[in-house]
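Chains as they are written, first to last, in the numbering used here: chain A, 1 to 333; chain B, 1001 to 1154.
If you are wondering where the hints come from, they were derived from the structure by calculation, not from laboratory data. We put the CB at the ideal spot given by N, CA and C, even for glycine. Worth double-checking, as some hints may not be accurate.
Label-pair ranges, simulated between beta-carbon atoms [as the list claims (entries may be wrong)]:
1. B:E1095 with A:L198: 36 to 44 Å
2. B:R1123 with A:D6: 40 to 48 Å
3. A:R117 with B:N1069: 48 to 56 Å
4. A:H72 with B:E1095: 28 to 36 Å
5. A:D258 with B:V1079: 57 to 65 Å
6. B:R1123 with A:R119: 51 to 59 Å
7. B:R1070 with A:K38: 45 to 53 Å
8. A:V196 with B:N1074: 54 to 62 Å
The calculated DMTMM-like cross-link candidates involving lysine to aspartate or glutamate, where the alpha carbons are at most 25 Å apart (straight line), are [claimed, not checked]:
9. B:K1099 with A:D50
10. B:K1002 with A:E42
11. B:K1002 with A:E187
12. B:K1002 with A:D193
13. B:K1002 with A:D50
14. B:K1002 with A:D6
15. A:K8 with B:E1005
16. A:K176 with B:E1045
17. A:K176 with B:E1005
Facing chain A, from chain B, some residues (calculated, C-beta under 10 Å) [claimed, not checked]:
18. M1001
19. F1003
20. R1004
21. E1005
22. S1009
23. A1010
24. L1020
25. P1043
26. G1145
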Amino acid sequence: MQRDRDHKGIWIFGDYRNYFQNRVTLQLIAKGKDLAQKLETEVTVVLLGDQTHQYAMEYVAHGADVVMVVDHPTLKDYHIETYTRLVAKLLASWRPEIFIAGATAFGREFFPRLAKRLRTGLSADCVSLEIDAESGLLVQTTPAFGGDLLAEIVTPDHRPQMATVHPGVFDERPHKSSALGRIIYPEVEIETDQRVQLVRSRREQGRKVNLEDASTVLVGGRGLGSKERFQVLFDLADLLNGEVGATRPAILAGWSEDTRLLGQTGKSVKPKLLITAGTSGALQYTTGIQGAEAIIAINRDPHAPIFRIADLGLVGDAHAVLALLLEKLRKRL
Amino acid sequence: MKFRESLISANHNYLVNDMLSPGFVLGDPGPRDDFWFVADVVPPEERRGRIYGRLYDRRGDFILELKGNRTTENPGQTVLQSIQGGFRIHYPSGELLIKVHTRNFANGHLTFIHGKVYDKEGRLRMEPSYEGVKVHGKGQLALVGPYEFGESGH
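Let's have the full structure, built from the sequences with the hints guiding it.
Following this line, the structure appears as structure tokens:
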């Protein structure tokens, strides 16, 4: 296979909503720089919105070579059809080789629509991106077949090669105040007619769950047995100044809110310590915790897959072990 | 597709011709008796825009020289007033000559310049445009580093 010489450059979609909490674009810039070095090309961040100056500067500070800005009041609110048409025009003109976005709620809606319009391939929720040394193609690794295996996917014939990546999979580069980049302002017509009308947008209230920044994370799965028994994780988290995460079965059982979901369709975390209790270790879940420095797993099944990735394993009733730990810690702390 | 291009600094930019720019120059800061204007590059450890210039009114009369946001010559008897984040300068009549103010973000800064500035021939060289300024005539719109003024101090 040969690289397509008509296409050049790595583009990242600038998903700046909920910045500074949402740092996925910065993480993708960092990964994009690694990929760009191998392809001898540049990283461009595409930024659509209104009054986006601050974000353009942040992206340069974190490593973007180029920021491509379409700044207009009509882009203040996200409209999928407007954004899709606009970005499709930019892609047709500039022809990047690779286009990556965060697998956020926004990216998960926008990127598939864009890929379909461009008739190109899209790998969603990737856990790894690399350049194949021989072909120069983007190798997109994503859990497949219900999470039973990891698939390495390439898009040999269509461009751009598109992928979405979970927040937290890659590390961002540090902020560099002395950085200088290029900024491009395309003269592009913005088509605003669309079939869906935004009536109102409202920020969701409630306590922010900051799993991605927590240095200690306690995760509960179905093995905890009930919502009342799940509460022990919150008690421990308070003591350890940590955050609580959950697997999908625990969330589907109503034991925790979905903002605490970890894994392929949830968040990825890289804490110093992660305690995972009553979780079997399905790949859809463990892809979200593989960045943890130390993992302690608790499960009554000695053959549970979770023990394969744990640094320390405890075989026993998850709630009983956690309750004992809580009792001991309360006496010490 | 047509496009415009500039440079962008992570630390500080001005808004000129509807583009971010780390710094820009109008005219030639060399000759003493002529119009020139410098919005200088701001080093990473600083936060405020730095403005230098030799300004004329719409009749082509010399009215003001600015060095580092301070007036050094003021034959037009303009009035410089500090404001939050910057300064503004008025003609004796009260009409605004130029306003410079810096907005601070969490990790960066953006300086906005407003006003109409003329050269020695009374030609308009700078005017308001949306949030920033639109500039006309000879100049350099994206400085890479701090401007190196000549021996004259300009």
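Cross-check of the supplied hints:
1. B:E1095 with A:L198: 36 to 44 Å: holds, 42 Å
2. B:R1123 with A:D6: 40 to 48 Å: holds, 46 Å
3. A:R117 with B:N1069: 48 to 56 Å: holds, 50 Å
4. A:H72 with B:E1095: 28 to 36 Å: holds, 32 Å
5. A:D258 with B:V1079: 57 to 65 Å: Between A:D258 and B:V1079, where Cβ atoms are some 60 Å apart, the hint holds.
6. B:R1123 with A:R119: 51 to 59 Å: holds, 53 Å
7. B:R1070 with A:K38: 45 to 53 Å: holds, 50 Å
8. A:V196 with B:N1074: 54 to 62 Å: Since the Cβ atoms of A:V196 and B:N1074 sit about 58 Å apart, the hinted range of 54 to 62 Å holds.
9. B:K1099 with A:D50: holds, 23 Å
10. B:K1002 with A:E42: It holds: about 20 Å lies between the C-alpha atoms, which stays within 25 Å.
11. B:K1002 with A:E187: Cα-Cα ~5 Å, so holds.
12. B:K1002 with A:D193: The given pair, whose Cα atoms are some 23 Å apart, holds under the 25 Å limit.
13. B:K1002 with A:D50: holds, 20 Å
14. B:K1002 with A:D6: holds, 19 Å
15. A:K8 with B:E1005: The hint holds at about 19 Å.
16. A:K176 with B:E1045: Roughly 11 Å between the alpha carbons, so the hint for A:K176 and B:E1045 holds.
17. A:K176 with B:E1005: Holds - the C-alpha atoms of B:E1005 and A:K176 are around 22 Å apart, at most 25 Å.
18. M1001: holds, 4 Å
19. F1003: holds, 5 Å
20. R1004: With a minimum Cβ separation of about 5 Å from chain A (threshold 10 Å), the hint on B:R1004 holds.
21. E1005: OK, holds: B:E1005 within 10 Å of chain A, min 5 Å.
22. S1009: With Cβ-Cβ at 6 Å, under 10 Å, it holds.
23. A1010: Nearest chain A Cβ about 3 Å off; hint holds.
24. L1020: holds, 6 Å
25. P1043: Holds, about 8 Å.
26. G1145: For B:G1145, the interface hint holds, since the closest Cβ of chain A sits about 9 Å away, which is under 10 Å.
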